[in-house]
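K.L.:
Okay, here's what each chain looks like letter by letter:
There are 2 protein chains.
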Amino acid sequence: MYVIAVYDVAAERTGKMLRLCRQHLHWIQNSVFEGELTAVGLRELEIEAEKIMDLSYDSLIIFTNTHVHRVERRIIGREKQEIDQFL
Amino acid sequence: MYVIAVYDVAAERTGKMLRLCRQHLHWIQNSVFEGELTAVGLRELEIEAEKIMDLSYDSLIIFTNTHVHRVERRIIGREKQEIDQFL
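Here the protein sequences come in this chain order: D and X.
Count the first sequence with my numbering and you get residues 1 to 87, in order.
Count the second sequence with my numbering and you get residues 101 to 187, in order.
Excised from the complex, chain D in its bound form (with noise of 0.2 Å):
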């Protein structure tokens, strides 16, 4: 399924966020990640997200399109991803 995942959390905890969300999505800005994921992919995502998550405090959205019709996406002004390689 199609997902696009945004975070939210505290300072201390972005670091971690960061690294969790790109071992299974691609980032495209800020704290906004997408990509394809299987059920358990994504099961796997929100276990660890809530390990390192302050739940009281901290926020992760995520959106999910399970049908064929994809989301489609559109970027005004400048494409962010392309600096991702460098990061």
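In case anyone wonders, no lab produced these hints; they're calculated from the structure.
Glycine is no exception: its CB is placed at the ideal position from the N, C-alpha and C atoms.
A hint or two may mislead.
[What the hints assert, rightly or not] In silico SDA-like pairs for lysine to any residue, Cα to Cα no more than 25 Å straight-line:
#1 X:Lys151 with X:Glu179
#2 D:Lys51 with X:Glu179
#3 X:Lys116 with D:Asn30
#4 X:Lys151 with D:Asn30
#5 X:Lys151 with D:Gly77
#6 X:Lys151 with X:Trp127
#7 D:Lys51 with X:Ile175
[Said to hold, decoys possible] Coverage of chain X stretches by chain D, computed from C-beta distances (three or more under 8 Å per stretch; other residues unrestricted):
#8 130-140
#9 145-157
[Unchecked claim] Partial pick of chain D residues on the chain X-facing surface, computed with a CB cut under 8 Å:
#10 Leu25
#11 Gln29
#12 Ser56
#13 Val71
Using the hints provided, position chain X relative to the given structure of chain D.
P.N.:
Frame of chain D, contents of chain X only:
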């Protein structure tokens, strides 16, 4: 159509982008917005955003799902949205 918008703009432009996006969509986290828009409504948002943005530096990503199958959304941790009423 269902729309998710995520922006990454220079600090001096975040105020204007926040106000613009909140006129068209619902704030859900950081610089992340979602909602239902017509094609005309989405085009208006894009045109206004282009006026605000430095297109060589800033980035606005727009995800759209034109099909009846909505994108599902799950939140892990705190729902930041309810704070929106106080912003």
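K.L.:
Decide, hint by hint, whether the structure agrees.
P.N.:
Tested hints:
no.	hint	result
1	X:Lys151 with X:Glu179	violated, 31 Å
2	D:Lys51 with X:Glu179	holds, 18 Å
3	X:Lys116 with D:Asn30	holds, 18 Å
4	X:Lys151 with D:Asn30	holds, 21 Å
5	X:Lys151 with D:Gly77	holds, 11 Å
6	X:Lys151 with X:Trp127	holds, 21 Å
7	D:Lys51 with X:Ile175	holds, 15 Å
8	130-140	holds (count 3)
9	145-157	holds (count 8)
10	Leu25	violated, 14 Å
11	Gln29	holds, 5 Å
12	Ser56	holds, 6 Å
13	Val71	holds, 5 Å
When the structure is compared with the earlier hints, violations turn up for hints 1 and 10 and for no others.
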